[in-house]
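*Asks:* If you read the sequences in order, they're chains S and C.
Everything in the first sequence is counted per the numbering used here, starting at 1420 for the first residue and increasing by one.
Everything in the second sequence is counted per the numbering used here, starting at 7 for the first residue and increasing by one.
Everything labelled a hint here was simulated from the structure, so no lab data went into it.
Quick list of in silico lysine to aspartate or glutamate cross-link-like pairs, EDC-like style, CA-CA up to 16 Å:
hint, chain 1, residue 1, chain 2, residue 2
1, S, K1483, S, E1431
2, C, K15, S, D1757
3, S, K1761, C, E29
4, S, K1426, S, D1663
5, S, K1796, C, E45
6, S, K1796, C, E46
7, S, K1796, C, D63
8, S, K1455, S, E1465
9, C, K98, S, E1751
10, S, K1761, C, E24
11, C, K98, S, D1757
12, S, K1796, C, D53
13, C, K98, S, D1754
14, S, K1501, S, D1528
So the chains spell out like this:
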Amino acid sequence: MLNLTVKQLAAELAAKRVSSVEVTQYFIKRINALGKALNAFISVDEARSLASARAADQLLAAGKGGPLTGIPLAHKDIFCAKGWLATCGSRILSNFVAPYDAHVIERFDQAGAVIAGKTNMDEFAMGSSNETSFYGPVKNPWDNAAVPGGSSGGSAAAVAARLVPAATGTDTGGSIRQPAAFTGICGLKPTYGVVSRYGMIAFASSLDQGGPFARTAEDLALLLNVMAGFDARDSTSLQREPEDYARELAQPLQGLRIGLPAEFFAAGLASDVARAVDAAIAEFRRLGCETVEVRLPNMRLSVPVYYVLAPAEASSNLARFDGVRYGYRAPEYSDLLDMYCKTRAQGFGAEVKRRILIGTYVLSHGYYDAYYIKAQKLRRLIAQDFAEAFRRCDVIMGPTTPTTAFNLGEKAGDPVQMYLSDIYTIAVNLAGLPGMSIPAGFGAGNHPVGLQLIGNYFREAKMLNAAHQYQQVTDWHLRLPPGIEAK
Amino acid sequence: MALTLDNVKRIANLARIEVAPHEAERVLAQLTGIFGLIEEMQAVNTDGIVPMSHSQDRVLRLREDAVTGSDQHTLFQAIAPQVEAGLYLVPKVIE
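Can you make the complete structure from the sequences, with help from the hints?
*Replies:* Now the structure itself:
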């Protein structure tokens, strides 16, 4: 059971060689043991999960099962699931039991999937190491001294440690791709607007996008088939014909043009990551791909632009946490204003407060044009660079991160260094493009290296095709973190 | 544009986040470092570029101005810090 993919587990369930109750019990046992050591989960509710598993078994017995029926999945604690805590990794939502389901949760529920638990994350998805969580940091299953990445660190660690076969995350500046890279698994951020943000607690609404984590590209396609779809309750949800993201998986890669941006391979890229990424690209050439050099000259500005736009949107989105309608309220205060100020000072952690203050400043009178409008103009230049690059290639490839997983505490005291670790992922969110990370080898200390694939708008199926073909001739995605089997 | 302690106090008030006097210096130092990074934006000429707020320049979809939801106030107020007679309670603001 440990190493079965979602696709393989579904086949076992369909053939009735195993039941969803048995599968769910197996993984929850692992979550309760190894999951605790890694601090990967915030909520586990075995009785509730088993009730869903029993319902899934009935569907399967009636021959009404689909590709995900009976499969236990972990969800980032940013998604509202009715009756489950949805803390978003924050003290201010530490008592928030969601009164409704996110669109993504509804879709998985309709598909018969089982919620195995809610995963740990950086507070309000603001972080790259899972160290900003009110519930404490998550450990990387490959090296317990290292971070799993963030902000979806709990989901990534859970999939890497085989605590669940697949999971969900969200990606605002790299929060799916970077933890996928750090933990040696696959993660995909769809084109902006493909997955509904309804019930997904908002951080930066023009950038946030939900997506799946799994161990193979094929499994990502199966999950995305369920997650994607129009939802009238999200005003940015796109009205498009449903598509099968697995439809191109088997296509040969002969003639596929891979764009290699010089900026992805410049100073700042660690040599162990560069070696693994170069080897992966050589493998794609052996599969018949052509490589062309492309340029993203404004990519270097993506970090400063992001740290204006994301905090600006966050300062607005997080204004709703005021201690009145839900969540934490400070126990002592003198008047209404003091209640707001104390509730928010006590309820938010240091990084979240920092970003709210930055956002408030860049939106304030006299600074709006110099910061916010300037950043929006640069955002267009960054998006135009990609449009230009995609005239010459089908998929862009490069490293997901400049280094492999760094150590717990290594960057926690220096926000700027932490922000710069997302240099290769942020531009993709600013442009609204789909991106993914797949395992492509190991660097120093046996830390996994991620290869990033960036597709043109709505070309998720092409990225998944490239990743799947690569996984037919390599075995990096099958490697197991040391010692996790025994525990 | 160098940030000052007064800036920090002003934006903390606007953001409704209490920043204790002994914390303000540390917050200022961190924000100054981050704005050092942000200032790199100013090196690029963006005259004539149209600001981009949506990645595909789409206009937000509008809907009919019609009631679609149902009354769920009991459900939503069940998780509120303080409620009485269907109202959210806050400290008195009118003397």
